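Based on the hints, put chain B in the right spot on chain A.
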Amino acid sequence: AQKVTQAQTEISVVEKEDVTLDCVYETRDTTYYLFWYKQPPSGELVFLIRRNSFDEQNEISGRYSWNFQKSTSSFNFTITASQVVDSAVYFCALSVANTGNQFYFGTGTSLTVIP
Amino acid sequence: DAMVIQNPRYQVTQFGKPVTLSCSQTLNHNVMYWYQQKSSQAPKLLFHYYDKDFNNEADTPDNFQSRRPNTSFCFLDIRSPGLGDAAMYLCATSPRNPGNQPQHFGDGTRLSIL
Chain A
1 AQKVTQAQTE ISVVEKEDVT LDCVYETRDT TYYLFWYKQP PSGELVFLIR
51 RNSFDEQNEI SGRYSWNFQK STSSFNFTIT ASQVVDSAVY FCALSVANTG
101 NQFYFGTGTS LTVIP
Chain B
1001 DAMVIQNPRY QVTQFGKPVT LSCSQTLNHN VMYWYQQKSS QAPKLLFHYY
1051 DKDFNNEADT PDNFQSRRPN TSFCFLDIRS PGLGDAAMYL CATSPRNPGN
1101 QPQHFGDGTR LSIL
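The listed protein sequences correspond, in order, to chains A and B. Residues in the first sequence are numbered consecutively from 1, following the working numbering. Residues in the second sequence are numbered consecutively from 1001, following the working numbering.
Same shape as in the complex, but just chain A:
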């Protein structure tokens, strides 16, 4: 069975602080894909990143960075120098090759950046 755990329900930081959002996943499949989405108050889910199970390289995109570690089944997301516009709910998701279309979402982490 597949499962995604985001243990942090809510996080508050002061603007310009760094913040890390945790994501732990479970799967027995060797081929799988991990995603992060941002959901601002307006409601739409915005795709941030995809990582496949064969690529453990960390990735940086501007103030965003992702740390994928298969040894701990984690795919953590760090925002450096946080800004008020980063306030949103962030979802980590997992899909596996042999379940076709199914996305397994975590329960989300609500991030509030205080000016």
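Be aware that a few hints might be false.
Okay, the calculated bits of chain B under chain A, using three or more residues with CB under 8 angstroms as the criterion [unchecked claim]:
id, stretch
1, 1035-1046
2, 1101-1114
Listed next, the stretches of chain A that the computed footprint assigns to chain B, with coverage defined by at least 3 CB atoms under 8 angstroms from CB atoms of chain B [stated by the list, open to error]:
id, stretch
3, 45-54
4, 102-111
In silico SDA-like cross-links for lysine to any residue, where the CA-CA straight-line distance does not exceed 20 angstroms [to be verified]:
id, chain 1, residue 1, chain 2, residue 2
5, B, 1044, A, 1
6, A, 3, B, 1051
7, B, 1044, A, 41
8, A, 38, B, 1038
9, B, 1044, A, 107
Because the hints were derived from the structure by calculation, they are not lab data. Predicted model only: the values in this text are computed from it and were never measured. Glycine included, every Cβ here is placed at the ideal spot set by N, Cα and C.
Just chain B, lined up with the frame of chain A:
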């Protein structure tokens, strides 16, 4: 510029009165999904179409139906909405090989039940 378009953004209906939510896409993706998202919860997949093939999740209530008349459009019909059906409904699309592709979401329709 919008690629997955949901109408309306807000929908209010009465208890038991049928309601239809619509979704259209300009991405020409083969797969379209409907999710239900309640407050402070993760999106929950209701069903999806792979081309014309309909795939219902096992725990999706019979009250929820869907239609996909063509590649671009997909509808969610709620036959007799109950108070528990008040939620955000999200439409998403993905290409033919969806497992490794991100899903592209619309802005959602927030449904209220009076």
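Here's how the hints hold up against the structure:
no.	hint	result
1	1035-1046	holds (count 5)
2	1101-1114	holds (count 9)
3	45-54	holds (count 5)
4	102-111	holds (count 7)
5	1044(B) - 1(A)	holds (16 angstroms)
6	3(A) - 1051(B)	violated (27 angstroms)
7	1044(B) - 41(A)	holds (18 angstroms)
8	38(A) - 1038(B)	holds (16 angstroms)
9	1044(B) - 107(A)	holds (10 angstroms)
The structure fails hint 6 only (numbered hints given earlier).
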